[in-house]
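Q: Below are the chains, spelled out letter by letter.
There are 2 protein chains.
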Amino acid sequence: MDNTNFLPEVLNRLIEELSKLPSIGHKSAIRLAFSILKKNKNEAMGLSDALKNLHDNINYCQKCFNLCNEEICKICKNNKKDESTICVVEDVMDLIAIENSQNFTGKYHVLHGVLSPLKGIGINEIKVMELKDRIEKDDAIKELILATNTSTEGETTALFIRELLEGCDVKITRIASGMPFGGDLDYADRHTLTRALENRSLI
Amino acid sequence: MDNTNFLPEVLNRLIEELSKLPSIGHKSAIRLAFSILKKNKNEAMGLSDALKNLHDNINYCQKCFNLCNEEICKICKNNKKDESTICVVEDVMDLIAIENSQNFTGKYHVLHGVLSPLKGIGINEIKVMELKDRIEKDDAIKELILATNTSTEGETTALFIRELLEGCDVKITRIASGMPFGGDLDYADRHTLTRALENRSLI
Numbered sequence: 001m002d003n004t005n006f007l008p009e010v011l012n013r014l015i016e017e018l019s020k021l022p023s024i025g026h027k028s029a030i031r032l033a034f035s036i037l038k039k040n041k042n043e044a045m046g047l048s049d050a051l052k053n054l055h056d057n058i059n060y061c062q063k064c065f066n067l068c069n070e071e072i073c074k075i076c077k078n079n080k081k082d083e084s085t086i087c088v089v090e091d092v093m094d095l096i097a098i099e100n101s102q103n104f105t106g107k108y109h110v111l112h113g114v115l116s117p118l119k120g121i122g123i124n125e126i127k128v129m130e131l132k133d134r135i136e137k138d139d140a141i142k143e144l145i146l147a148t149n150t151s152t153e154g155e156t157t158a159l160f161i162r163e164l165l166e167g168c169d170v171k172i173t174r175i176a177s178g179m180p181f182g183g184d185l186d187y188a189d190r191h192t193l194t195r196a197l198e199n200r201s202l203i
Numbered sequence: 001m002d003n004t005n006f007l008p009e010v011l012n013r014l015i016e017e018l019s020k021l022p023s024i025g026h027k028s029a030i031r032l033a034f035s036i037l038k039k040n041k042n043e044a045m046g047l048s049d050a051l052k053n054l055h056d057n058i059n060y061c062q063k064c065f066n067l068c069n070e071e072i073c074k075i076c077k078n079n080k081k082d083e084s085t086i087c088v089v090e091d092v093m094d095l096i097a098i099e100n101s102q103n104f105t106g107k108y109h110v111l112h113g114v115l116s117p118l119k120g121i122g123i124n125e126i127k128v129m130e131l132k133d134r135i136e137k138d139d140a141i142k143e144l145i146l147a148t149n150t151s152t153e154g155e156t157t158a159l160f161i162r163e164l165l166e167g168c169d170v171k172i173t174r175i176a177s178g179m180p181f182g183g184d185l186d187y188a189d190r191h192t193l194t195r196a197l198e199n200r201s202l203i
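Residue numbers (this note's numbering), protein chains in the order written: chain A, 1 to 203; chain B, 1 to 203.
In short, the hints are calculated from the structure, not lab data.
Keep in mind that a hint or two might mislead.
Identical copies go unnamed one by one, so any copy, or any two together, can satisfy a pair.
To be verified - With a straight-line cut-off of 16 Å between C-alpha atoms, the simulated EDC-like cross-links for lysine to aspartate or glutamate are: (1) Lys27 x Asp94; (2) Lys20 x Asp49; (3) Lys38 x Asp91; (4) Lys142 x Asp82; (5) Lys74 x Glu9; (6) Lys127 x Glu90; (7) Lys38 x Glu125; (8) Lys39 x Asp56; (9) Lys171 x Asp138; (10) Lys52 x Glu9; (11) Lys63 x Asp133; (12) Lys63 x Glu136; (13) Lys38 x Asp56; (14) Lys20 x Glu43; (15) Lys41 x Asp56; (16) Lys38 x Glu90; (17) Lys63 x Asp82; (18) Lys39 x Asp94; (19) Lys80 x Asp94; (20) Lys38 x Asp139; (21) Lys132 x Asp169; (22) Lys132 x Glu143; (23) Lys142 x Glu166.
Using the sequences plus the hints, can you model the full thing?
A: Shown next as structure tokens:
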């Protein structure tokens, strides 16, 4: 790690703070700090203010647990969205990914995690009982698409939700698992290939 | 570019500000913003404060133009440094690199750029006349190592400085150019190989 003790204290402090961010090493932090220093003061203040105001102005949507700055988020408020289909995702990054695929017209439910006994994450740590409540109270919901990741924990959580909601009058589906679009079979791992074969369909 | 309009305004503002940083694309900015949101408020405030205080507390050293928060920088003040040898570098990132190679015991002069007529950077845009002043005023300086980059502009600037200081009672040297340490000859570009051959020495 480069020694930068001979630089001004304020600059070293910025380098240290930037190094704490994920995927930003010490060298990248130095580069970023210098590029911020080269900009004019207003631009640095813009980023500073954005950070300062962040935590005070963000809540969870009371309905779907997406992030919002009011009681109910913009997606839940959007009348053009089909409220009969709910896509259940692990986190807001996944919601952004599905929303930007531009082919899902329903609403969401964000779990904020997956069940993981090893990491001590049980049903009280994620928004899974809130999902059950929501299904029971809202008759408009007809289908639940479980879009947790296709990892072991994601699969386990999907299975748990299916069992939890047994008896509820709602169709429960799971996103398809197989070869990614444009993927080369000889580069795919054996789990992906196994799934692609198991989940084959008539064409 | 992912649409994130459905997220809270404060979060989108942070994403936008982070995207302005070099080597941080929109997707990385989203990931960084979420990771900052997951930290507690104090950590976000730490980065915010570091940015806020940056520009007001940094000057150029009046002697070598390194960054500092006083008149004279920590390196110029350091009595253990040999003040007879001055290493001339393009920017502070290069100073950090040389300082961390731990084999240079002299002091520095930071040009803050290289001559580039195409980009409109002439002798008044970089600290080159200040270097001449410094050499003329300071009799202690015996050797000037020109460590500008080995690019066309870096070479041109080195040649310019050599001519500018013709007649001054100071030895002017240029960093060696050749194969990098541990480099494979069959991966080296032809300019590097040409230099390595031209600058060969007796062993």
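Q: Determine for every hint whether it applies to the structure shown.
A: Results of checking the hints against the structure:
no.	hint	result
1	Lys27 x Asp94	between (30 Å within a copy, 12 Å between copies)
2	Lys20 x Asp49	between (19 Å within a copy, 15 Å between copies)
3	Lys38 x Asp91	between (36 Å within a copy, 12 Å between copies)
4	Lys142 x Asp82	within (10 Å within a copy, 78 Å between copies)
5	Lys74 x Glu9	between (42 Å within a copy, 11 Å between copies)
6	Lys127 x Glu90	within (10 Å within a copy, 54 Å between copies)
7	Lys38 x Glu125	between (43 Å within a copy, 14 Å between copies)
8	Lys39 x Asp56	between (27 Å within a copy, 13 Å between copies)
9	Lys171 x Asp138	within (14 Å within a copy, 84 Å between copies)
10	Lys52 x Glu9	between (21 Å within a copy, 13 Å between copies)
11	Lys63 x Asp133	within (10 Å within a copy, 69 Å between copies)
12	Lys63 x Glu136	within (13 Å within a copy, 73 Å between copies)
13	Lys38 x Asp56	between (30 Å within a copy, 13 Å between copies)
14	Lys20 x Glu43	between (21 Å within a copy, 9 Å between copies)
15	Lys41 x Asp56	between (24 Å within a copy, 8 Å between copies)
16	Lys38 x Glu90	between (39 Å within a copy, 14 Å between copies)
17	Lys63 x Asp82	within (15 Å within a copy, 67 Å between copies)
18	Lys39 x Asp94	neither (33 Å within a copy, 19 Å between copies)
19	Lys80 x Asp94	neither (21 Å within a copy, 55 Å between copies)
20	Lys38 x Asp139	neither (57 Å within a copy, 33 Å between copies)
21	Lys132 x Asp169	within (12 Å within a copy, 84 Å between copies)
22	Lys132 x Glu143	within (13 Å within a copy, 77 Å between copies)
23	Lys142 x Glu166	within (14 Å within a copy, 85 Å between copies)
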